[in-house]
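In the order they appear, the protein sequences are chains P and A.
Per the working numbering, residue 1 is the first one in the first sequence, and the count goes up by one each step.
Per the working numbering, residue 1 is the first one in the second sequence, and the count goes up by one each step.
Since the hints were made in silico from the structure, they are not lab data.
Where a beta carbon is used, it is the ideal one built from N, C-alpha and C, also for glycine.
Incorrect hints may have been included.
[Stated by the list, open to error] Output of the computed footprint for chain A on chain P, the stretches with three or more beta carbons under 8 Å from beta carbons of chain A:
#, region
1, 27-37
2, 242-250
3, 481-487
4, 613-620
[Unchecked claim] Covered stretches of chain P (in silico footprint by chain A; criterion: 3 or more residues with CB under 8 Å from a CB of chain A, positions within the stretch not fixed):
#, region
5, 49-57
6, 100-109
7, 130-142
8, 296-304
9, 323-333
10, 337-347
[What the hints assert, rightly or not] Calculated pairs, DSSO-like style, for lysine-lysine (alpha carbon to alpha carbon, straight line, at most 30 Å):
#, chain 1, residue 1, chain 2, residue 2
11, A, K136, A, K11
12, P, K125, P, K103
13, A, K11, P, K457
14, P, K233, P, K190
15, A, K285, P, K296
16, A, K4, A, K183
17, A, K299, P, K296
18, A, K11, P, K505
19, P, K432, A, K302
20, P, K440, A, K297
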Amino acid sequence: MASQDFVWMIGGPQGSGVDSAANIFARACCYGGLHVYGEREYHSNIKGLHSYFHMRISKREVRSRVDFVNLLCTFDAESVVRHVWDVAPKGGIICDEAILNTKIMNIPTLPPPFLAEFQKTAEKKEVEARTVSDLLKDAERTNVRIYAVPYMELLKDIAKQIDEERLSKLTRMINVLSLGISFGLLDFDKAMVKKAVSMVFAKKPRIIVMNMLALDKAYEYVEQEFGGDFGYKLETVQTDEKRILVSGFEAVALGKLLGGCRVQTYYPITPAADESVYLEANEIFDLVQGTSGEEKEGSIVVMQTEDEIAAINMASGAALAGARTATSTSGPGFSLMVEGLGWAGMNEVPVVINYYQRGAPSTGLPTRHGQDDLKFAIHASHGEFPRIVLASGDTEECFYDAIRAFNYAEKYQMPVIHLIDKAIANSTRSCKIFDTSRAKIDRGQLRFQWEKTDRYKRFEFTESGISPRIPLGTPNAVFWNTGNEHDEFGHTSEEPLNRTRMMEKRMRKLELVDREIPIEERVSFFGAPEASVTIVSWGSPKGAILDAMKRLSQEGWKVNFLQIRMVHPFPKEHVSEVLNRAGKRIDVEMNYSGQLASIIREQTGVVMDNYVLKYSGLPMSSDEVYNAIKLILQEKAPKRQVLPHGS
Amino acid sequence: MALKMTDYRTKVFVDWCPGCGDYGILAALQMTLAELQLPHYKVAVFSGIGCHAKMPHFINAYGIHTLHGRTLPFAIGAKLANPELEVIAVGGDGDGLGIGVGHFVNTGRRNIDITYLIHDNGVYGLTKGQASPTLKLGLQTKSLPKPNINDGINPIALALTSGYTFIARGYAYDVRHLKEMIKKGMQHRGLALIVVLQPCPTYNDINTKEWYSGEDRMDPATGKAVSRLYKLEETGYDPVVRGPEEEMSKIVSAFERAREWGDRIPIGVFYQNETLPTYEDRISKRIPHYGQKPPAKQKICKDDGAPTANLAALLEELIVT
Ligand SMILES: Cc1ncc(C[n+]2csc(CCOP(=O)(O)OP(=O)(O)O)c2C)c(N)n1
Ligand code: SF4
Ligand SMILES: [Mg+2]
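Generate the whole structure from the sequences, applying the supplied hints.
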């Protein structure tokens, strides 16, 4: 465990304010100069089922979750039962006094597989736990402090103070109350918390007033009842760095706006829809002044379509008209888009698909994490055509990759799939403010005018494979598109010679991508050039791997890490070179079969020595990655390790 | 110089079967473009997949031959990005009312200013004559091994309930009348549907040219065939909604006419309502500059590639130090 870090977890039924409490907590910590990494877990349910936020706080930047909790803050019995054993010694549990006598077997939302597993663990731990109170008493024996708080009593006091008779209206404040208890125990600067409350509820002044009272009440209560009892304190630190608190989906959306996306189509699906909703809420945005004459505002048209088939094809239509266009989806939606993807490939349409993976197949784990779709993204559709597939490893990469995706799409005139996943999309993280000055837009061979002298050929045979592109509506020209094989003008042609040349023209572009895009944009490398083991991974495990590496190197182990950021076309020469001089080669990814490893083998012939996989629906924690790699270093590991952590 | 109908032709060989109704539809569309004097580059014709879908290749304008059933989403995408385009979508009855019917209905919710032509031939022409969604129950066209076990969709009635604001029917062999229908549809402010009765001499041996013109029904007095088709406008039928109070009664009478089939089949305009805001109006209400600066016309970067979007205000909401 990284000792300078502190982990706060908040749990409760969905719809009871877990998210807003977590948001306030994160903001308050950031105002106090601290870094946070918050991971959100929830069921495919609107109200009532368990959800939680796992928030790691540190003086340095944090980028993954860990396996322990220092302070567990709960609203209901289920949250205690589910997470009590995650709380580390000397940690604390905040709960509602009213749930102490709840019988565990009577909690209706705990599913049978969980209860069976729970019973087994209880037996192993020799805990006889009938009620929540039994569990908590046992926790106390392992040096965990229990803070049972009479939420209702405190609410009644507040109700009196503000003359609000309807207590039911106030139960919505339990989240802020428990938040206040948490911060009170941690002796955290109340001004920071109040600032965060005012920000989060900026549009609801009455709620701010009520929540301020709840905060005061909570701090007061801690002072009276538990003053100085909790071993941990959260101290603010000074920082000059300009930081943002941002979720993955916001990073993607911001990158898209900056990258020139002006039409977004989508059909609602978790975890992709948040991005589209954010874009629609911000459909009008500022323009840099002095650049576009008098224009002060730009806009993006966000279209909620009838299905994903419409979404991809509408996006292609808008792209043909010359707008930078994207669609966002997840696995089930992408499955429906496949025919449209092939059409875009055949007609060399620069359309971007932001693909948020979740546990699959089918509807799979609608709100949980997975990296099951790498091969699908690369191979989806009948036939062969060029495409680019990018995979972001964290929030910041999401931002920069979202911009890059459009440049690649327009420059090489092909669909670009930008892989993201639930762990990134739904995690909030503090990081250095995005550097918007780094962004550049490159529209490739797009022209807005055509000279009459030359008859325009949309699919002109060229050496590079790239033909000049004009939007629909460009004067002095017309062109045709068809999903059928076509001639240079875009008219259907089944002539074998033309077919052969057209295939080669299209596929040549992929070679161009491979040659032109610098390796720094396609992979990242971390750690010393020489090491006993080399980790290869893609997407969100990046954070857990880097955090694990840090601990390993502090212990003197030599580990390095190759992150693949462009998974197609695969940077095979570079990867081959790195892996051929590597010691042990470890594949780390969140799927069952080790899809990246299999691509590496196909593309380079290199067979990975070890696999660290996880497909439980929960992201990898840095602790479990650390343990798994260490076992490999100590030569005690099986070839394939499947990580188990999380509930 | 004025544009002629022939200016809208391409050199691509027209490979429909001899006598196919699609020739008439193509001619009517080219005549309309000439009559409206639309420059080639302003027009974008979209199509799905089927015999009908070859149309764009024969028209000298931007032509996008898309996927089976997907002509509307493509067409809408282009229109959204650049509303200055004159967008015409062409679909088949299998294409638009079978595999693509979800788009047919949902497009009705949007009243987007495009014109949609459906070639209604009762069959899946290009796949050799299977029953299309408009073929009536019990009919057995040439290549069906058994009579049709499904009933037919009524596209006019479906359009009425889906929210189309211009609904007309034309006949592929009455090219002049069809041209009028297409022209009215294109001039209509909002979403226009023109269902074209299109004989397919190769596979539909029931709803043939002879059947439509009533060659089996000779008027003993004149010795001439009594056509099954009649023109709504010649009966004093008034399809136009002039205010919200007229909407319901016009929908009801259009629905009644839509139900007519067999011995009396109406063609002409069934319904027209220009009192409703178009999709473009609705977007402009939210994004006031949409009309002048739609997505495709926005400048997204400076000459040196620096983006024009300024994220400062959005980042400000996220800043925490
Ligand atoms: C997804 C998909 N399924 C099936 C087909 C095969 N297909 C080609 S044309 C066609 C039917 C066309 O019928 P219709 O839309 O009525 O057009 P018509 O040929 O009659 O003009 C079908 C099913 C296809 N192209 N795509
Ligand atoms: S099969 Fe029918 S619809 Fe197709 S071209 Fe021949 S006649 Fe026309
Ligand atoms: Mg048909």
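Each hint, compared with the structure:
1. Figure legend: the region 27-37 of chain P, annotated as covered by chain A; annotation consistent (4 residues with Cβ-Cβ distances under 8 Å, at least 3 required).
2. Check on the region 242-250 of chain P: 6 of its residues sit with their Cβ under 8 Å from a Cβ of chain A, so the three-residue criterion for coverage holds.
3. Counting residues of the region 481-487 of chain P whose CB lies closer than 8 Å to any CB of chain A gives 4, which reaches the minimum of 3, so the coverage claim holds.
4. For the region 613-620 of chain P, the stated coverage by chain A is violated: 0 residues have a C-beta nearer than 8 Å to a C-beta of that chain, whereas at least 3 were required.
5. Restraint check on the region 49-57 of chain P versus chain A: 0 residues with Cβ-Cβ distances below 8 Å, three needed, restraint violated.
6. Residues of the region 100-109 of chain P with a Cβ under 8 Å from some Cβ of chain A number 0, which does not satisfy the need for three, so the listed coverage is violated.
7. A count of 0 residues in the region 130-142 of chain P with a Cβ less than 8 Å from any Cβ of chain A is obtained; the coverage claim is therefore unmet, three being the minimum.
8. Counting residues of the region 296-304 of chain P whose C-beta lies closer than 8 Å to any C-beta of chain A gives 6; at least three are required, and the coverage claim holds.
9. For the region 323-333 of chain P, the assignment as covered by chain A holds, since 3 residues bring a beta-carbon within under 8 Å of that chain's beta-carbons and 3 suffice.
10. With 3 residues having a Cβ less than 8 Å from any Cβ of chain A, the region 337-347 of chain P passes the three-residue criterion, so the hint holds.
11. As the CA atoms of K136/A and K11/A are separated by approximately 37 Å, the hinted pair breaks the 30 Å bound.
12. Proximity of K125/P to K103/P is assessed by CA-CA distance (about 19 Å); at most 30 Å being required, the pair is judged to hold.
13. Taken as a hint, the K11/A and K457/P pair is honoured in the structure, with Cα atoms around 15 Å apart against an allowance of 30 Å.
14. Restraint check for K233/P and K190/P: the C-alpha separation of about 13 Å stays at or below 30 Å, so the hint holds.
15. Pair hint K285/A plus K296/P holds up; C-alpha atoms about 18 Å apart against a cutoff of 30 Å.
16. Restraint check for K4/A and K183/A: satisfied, since their Cα atoms lie roughly 15 Å apart, inside the 30 Å limit.
17. Proximity of K299/A to K296/P is assessed by CA-CA distance (about 12 Å); at most 30 Å being required, the pair is judged to hold.
18. In summary, the hint linking K11/A to K505/P is supported, as the alpha carbons are separated by about 25 Å, within the 30 Å threshold.
19. Of the pairs offered as hints, the one joining K432/P and K302/A holds, with about 26 Å between alpha carbons and a cut-off of 30 Å not exceeded.
20. The hinted pair formed by K440/P and K297/A meets the criterion: a straight-line CA distance of about 19 Å does not exceed 30 Å.
Comparing the model with each numbered hint stated earlier shows that hints 4, 5, 6, 7 and 11 do not hold.
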